[in-house]
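Colleague: Single-letter residue listing:
2 protein chains.
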Amino acid sequence: MKIVVDAMGGDHAPEAVVAGVIEALKEFNVTIVLVGIEERVTAELKKYNYPKDRIEIIHAPEVVEMHEPAVTSIRKKKDSSIAIGIRLLKERKYDAFISAGNTGAVVAASTIHLGMLEGVERPAIGTVIPTLKKFSFLIDAGANTDPKPEHLLHNALMARVYVKEVMDIANPTVGLVNIGEEAGKGTGFEKEAYKLMEEKVENFIGNVEANEVYTGKSDCIVCDGFIGNIVLKVSEGLMESTGKLIKREVKKNPVAILGALLMKYSLDHIKKLADYSEYGGAPLLGIDGLVMICHGRSSPKAIKNAIRATMREVEHDILSIMRKELSK
Amino acid sequence: MKIVVDAMGGDHAPEAVVAGVIEALKEFNVTIVLVGIEERVTAELKKYNYPKDRIEIIHAPEVVEMHEPAVTSIRKKKDSSIAIGIRLLKERKYDAFISAGNTGAVVAASTIHLGMLEGVERPAIGTVIPTLKKFSFLIDAGANTDPKPEHLLHNALMARVYVKEVMDIANPTVGLVNIGEEAGKGTGFEKEAYKLMEEKVENFIGNVEANEVYTGKSDCIVCDGFIGNIVLKVSEGLMESTGKLIKREVKKNPVAILGALLMKYSLDHIKKLADYSEYGGAPLLGIDGLVMICHGRSSPKAIKNAIRATMREVEHDILSIMRKELSK
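Residue numbers (my numbering), protein chains in the order written: chain C, 2 to 329; chain U, 2 to 329.
Calculated from the structure, these hints are not laboratory results.
Misleading hints may appear alongside valid ones.
For identical chains, the list gives no copy identity; a pair is met inside one copy or between any two copies.
Derived pair list, reagent style DSS-like, types lysine-lysine, alpha-carbon separation capped at 25 Å [unchecked claim]:
#: 1; residue 1: 272; residue 2: 186
#: 2; residue 1: 186; residue 2: 48
#: 3; residue 1: 201; residue 2: 302
#: 4; residue 1: 165; residue 2: 77
#: 5; residue 1: 3; residue 2: 79
#: 6; residue 1: 186; residue 2: 27
#: 7; residue 1: 273; residue 2: 248
#: 8; residue 1: 325; residue 2: 149
#: 9; residue 1: 79; residue 2: 273
#: 10; residue 1: 253; residue 2: 325
#: 11; residue 1: 192; residue 2: 149
#: 12; residue 1: 248; residue 2: 48
#: 13; residue 1: 165; residue 2: 47
#: 14; residue 1: 27; residue 2: 134
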């Protein structure tokens with residue numbers, strides 16, 4: 002198996018990416034193709050001992066910056082690590098592409114160069130979120146912020162395949178994020194999406210209110226990309242603000258400081274449960290090719306885990322299964 | 002000042018409502034008109050000593066259940082405490098109406114019987130949320146889930162008046178919830194709302210990403226009612242799930258249990274900071290009348306604080322100020 006990895010993607014590239022790749026080579030039976038500025042990648046690799054025959058380097062002279070508009074990056078940087086990586090994937094000599102770089106650029110390059118899976122009109126980003134049960138899979142995290150109801154149906158079908166094959170949950174449930182539990186809630190958009198999913202998605206459990214996202218009520222959580230962005234960012238912001246508030250209050254009180262120290266082990270364990278790096282990456286679904294997007298702040302561990310998830314995608318040939326599900 | 006209070010509204014009515022009203026009578030110079038099943042209200046009032054001349058009771062034989070569809074409640078229960086309360090307000094003998102009952106029914110009855118403020122097409126629910134700075138005012142919490150961009154403009158203008166007059170923040174900032182900070186982000190809807198607000202709303206600071214909702218970046222946080230519902234419910238669910246997770250982990254470890262005990266004072270203080278009952282109620286804006294909606298689970302303290310906020314609305318004559326702002 003040969004997986005192409007964007008060596009220049011992410012806030013700590015190429016250091017974190019290369020470190021993650023080296024970890025992956027130790028643990029998994031995979032060959033990695035690093036795409037990036039050759040000089041920098043080679044310099045980074047020199048820090049490690051690794052099986053030379055399981056790493057290839059392909060030079061990409063340009064780098065897409067993290068906050069560059071996707072359109073500009075596509076037009077002006079035809080030889081970026083993202084563009085070259087995706088084009089390599091298109092040649093079918095390689096199995097998948099992973100990047101912690103500019104999400105918009107990865108989505109745009111994938112859509113343009115790889116095209117869509119038959120029966121799908123728009124790409125979607127799926128993301129694993131921790132819940133009280135274990136974890137759920139939220140789709141779409143923000144690739145398609147103004148979808149049609151049909152797009153949500155396609156996303157639901159693809160999510161079930163991903164969750165079954167990669168996350169090992171048999172017969173996953175599917176819920177639609179809505180403002181009420183009963184059928185008939187929401188705007189015309191939600192009502193139509195509900196109807197389509199009720200007809201065509203196995204194990205569809207109906208609407209899921211936003212306060213149920215983290216209870217584990219549904220394995221697949223389907224929503225439009227705008228809502229997905231809001232759900233994930235509100236969560237991120239709320240946890241950050243609550244953390245700051247707790248620190249501020251605890252600092253005022255020596256007894257509480259001691260208390261916090263005594264709780265440290267448990268709290269660290271919880272942080273680990275909620276740590277995105279445990280899951281690695283967010284698959285870009287709907288594309289005719291296996292593309293995994295990692296957080297810009299990905300640690301080496303996150304990169305390694307993204308490689309593991311991607312390997313499962315390849316081993317289970319999820320694209321073929323998705324094609325079958327979509328054509329039913 | 003005479004404020005009409007729905008005695009039958011909320012999960013713990015009439016007990017919690019009457020208890021809150023009694024508290025308010027002690028602290029504030031106000032007369033309360035309790036609307037509800039007279040027998041039950043009188044029985045409840047018998048538990049307390051209170052200034053008899055500052056409470057009136059108006060009999061309403063019917064009660065709207067908490068989960069009854071709003072439309073049914075309007076059609077079939079013309080003599081519910083909500084319907085009678087709102088009709089009393091319409092007669093202008095009373096200054097405002099407060100209910101912890103069925104939100105949909107309150108919104109529907111208000112819209113039908115009181116009508117809209119001139120220049121406003123749809124009602125919106127504003128809600129006070131705790132932030133790292135102090136608190137912000139989010140509008141719309143869910144009254145209008147499929148608005149036009151103009152509705153967001155109206156809500157922004159009304160929110161500024163509320164925050165200035167009732168929450169005592171001079172020249173409040175206004176932000177639009179969006180999936181990116183830069184102008185031009187979001188769907189056509191957000192772009193148009195942005196343009197309108199940029200032109201017409203004083204101290205408009207542009208887009209606010211969802212991870213900034215709790216940092217206090219903006220005093221008024223404007224979004225459509227669907228998004229508002231998602232923001233509030235995700236927050237509620239995330240805090241609840243995190244709390245459960247922490248309890249579960251801490252229980253496994255005696256040292257952590259001790260730590261949690263030592264932190265109790267600080268954590269209770271934080272809970273108080275984030276407690277909705279500190280702010281009382283959520284004003285229903287855009288209606289030609291002062292209507293305050295309280296959480297179904299309102300404690301007596303929440304009811305008391307809702308009465309205080311409503312009194313400020315009356316004292317500052319916010320409807321007149323809103324009319325002026327809307328006609329500019």
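Colleague: Determine for every hint whether it applies to the structure shown.
Modeller: Against the structure, the hints come out as follows:
1. Taking the shortest alpha-carbon separations for residue 272 and residue 186, neither the intra-copy value of 35 Å nor the inter-copy value of 32 Å comes in at or below 25 Å.
2. When the C-alpha separation of residue 186 and residue 48 is checked against a cutoff of 25 Å, the pair qualifies neither within a copy, at 57 Å, nor between copies, at 42 Å.
3. With identical chains, the CA atoms of residue 201 and residue 302 are never at most 25 Å apart, being 38 Å at best within one copy and 49 Å at best between copies.
4. For the homomeric pair residue 165 and residue 77, neither the shortest alpha-carbon distance inside one copy (39 Å) nor that between copies (48 Å) is at most 25 Å.
5. When the C-alpha separation of residue 3 and residue 79 is checked against a cutoff of 25 Å, the pair qualifies only within one copy, where the shortest distance is 23 Å, while the shortest distance between copies is 70 Å.
6. Within a single copy, residue 186 and residue 27 get their C-alpha atoms no closer than 50 Å, and across copies no closer than 42 Å, so neither meets the 25 Å cut-off.
7. Within a single copy, residue 273 and residue 248 get their C-alpha atoms as close as 19 Å, and across copies as close as 16 Å, so both meet the 25 Å cut-off.
8. In this assembly of identical chains, the alpha carbons of residue 325 and residue 149 lie at most 25 Å apart only when taken from the same copy (22 Å versus 40 Å across copies).
9. Taking the shortest Cα distances, residue 79 and residue 273 never come within 25 Å of each other, neither inside one copy (39 Å) nor across copies (55 Å).
10. For the homomeric pair residue 253 and residue 325, neither the shortest alpha-carbon distance inside one copy (60 Å) nor that between copies (46 Å) is at most 25 Å.
11. In this homomeric assembly, residue 192 and residue 149 come within 25 Å of each other (Cα to Cα) both inside a single copy, at 12 Å, and across copies, at 19 Å.
12. When the C-alpha separation of residue 248 and residue 48 is checked against a cutoff of 25 Å, the pair qualifies neither within a copy, at 38 Å, nor between copies, at 43 Å.
13. For the identical chains of this complex, residue 165 and residue 47 are neighbours neither inside a copy (39 Å) nor across copies (61 Å), given an alpha-carbon limit of 25 Å.
14. Taking the shortest Cα distances, residue 27 and residue 134 never come within 25 Å of each other, neither inside one copy (31 Å) nor across copies (47 Å).
Hints 1, 2, 3, 4, 6, 9, 10, 12, 13, 14 from the list above are not met by this structure, while the remaining hints are.
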